[in-house]
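Colleague: For chain A, the structure is supplied; the task is to place chain B on it using the hints.
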Amino acid sequence: GDSVTQMEGPVTLSEEAFLTINCTYTATGYPSLFWYVQYPGEGLQLLLKATKADDKGSNKGFEATYRKETTSFHLEKGSVQVSDSAVYFCALISQAGTALIFGKGTTLSVSS
Amino acid sequence: DAMVIQNPRYQVTQFGKPVTLSCSQTLNHNVMYWYQQKSSQAPKLLFHYYDKDFNNEADTPDNFQSRRPNTSFCFLDIRSPGLGDAAMYLCATSRDAPDSSETQYFGPGTRLLVL
Numbered sequence: 001g002d003s004v005t006q007m008e009g010p011v012t013l014s015e016e017a018f019l020t021i022n023c024t025y026t027a028t029g030y031p032s033l034f035w036y037v038q039y040p041g042e043g044l045q046l047l048l049k050a051t052k053a054d055d056k057g058s059n060k061g062f063e064a065t066y067r068k069e070t071t072s073f074h075l076e077k078g079s080v081q082v083s084d085s086a087v088y089f090c091a092l093i094s095q096a097g098t099a100l101i102f103g104k105g106t107t108l109s110v111s112s
Numbered sequence: 113d114a115m116v117i118q119n120p121r122y123q124v125t126q127f128g129k130p131v132t133l134s135c136s137q138t139l140n141h142n143v144m145y146w147y148q149q150k151s152s153q154a155p156k157l158l159f160h161y162y163d164k165d166f167n168n169e170a171d172t173p174d175n176f177q178s179r180r181p182n183t184s185f186c187f188l189d190i191r192s193p194g195l196g197d198a199a200m201y202l203c204a205t206s207r208d209a210p211d212s213s214e215t216q217y218f219g220p221g222t223r224l225l226v227l
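So the sequences go chain by chain: A and B.
Residue numbers for the first sequence follow the working numbering, so the first one is 1 and each next one is one higher.
Residue numbers for the second sequence follow the working numbering, so the first one is 113 and each next one is one higher.
Isolated chain A (complex conformation):
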């Protein structure tokens, strides 16, 4: 079945460091890919998405590119802030699907 694998955390960075969180997926056809962020005690917020190969999603300085050839959707940010500390979930919806299939989440902790 469809699945998402993302790097284990926690990821600990200093402010202004470069961030990469790896995400790879397994799915038939052409799924849509998402990154959601969950701040402590809150629900999930959509960070960015891409619906077809080579699309780049971007928001709040975060970027991810849909790579069909490597089945990847890695999240990057050039300079993280303390306020970026949260849990980041990579997710997909398959072409024929309904449910968001999530990875296990990666906890990011940014210190000043």
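Hints are computed from structural coordinates only; laboratory data are not their basis.
Note that the structure is predicted; figures quoted are calculated from it, not measured.
Even glycine gets a Cβ: it sits at the ideal position worked out from N, Cα and C.
Computed list of lysine-lysine pairs in DSSO-like fashion (alpha-carbon distance at most 30 Å, straight line):
id, chain 1, residue 1, chain 2, residue 2
1, B, Lys156, A, Lys68
2, A, Lys60, B, Lys150
3, B, Lys150, A, Lys77
4, A, Lys77, A, Lys104
5, B, Lys156, A, Lys52
6, A, Lys56, A, Lys104
7, A, Lys60, B, Lys156
8, B, Lys129, B, Lys164
9, A, Lys104, B, Lys150
10, A, Lys56, B, Lys156
11, B, Lys164, B, Lys150
These stretches of chain A come out as covered by chain B in the derived footprint (C-beta under 8 Å, 3 or more residues):
id, region
12, 44 to 54
13, 101 to 111
Residues of chain B placed beyond 12 Å of chain A at every Cβ, according to the derived structure:
id, residue
14, Thr125
15, Phe127
16, Gly128
17, Asn140
18, Asp174
19, Gln177
20, Pro181
21, Ser184
22, Phe185
23, Arg191
24, Ser192
25, Ala198
26, Val226
Modeller: Quick look at chain B alone, frame taken from chain A:
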């Protein structure tokens, strides 16, 4: 602001005592979803409503049921909560027919504790 609202944010119930969680939305979206997120795990879809049509995931326990009396509201009923049902329950909506291109918008969640 248009949003997805969940009440209460925290719910404590006793083992075996029925409990209802509520979700409302001002987005006027056709689809509403319920996800279960256990501690340190990924959210998992329980079921969804597309308008009035109920769609249950194959592995959702019978203990979990849902009602959608109108477009704005959706309820999650747990008939006999067990200790293993303690989790964060997330409500989400999407504008139209659930397919791969539709974005799902989440509420803040209700954290359920079973004593």
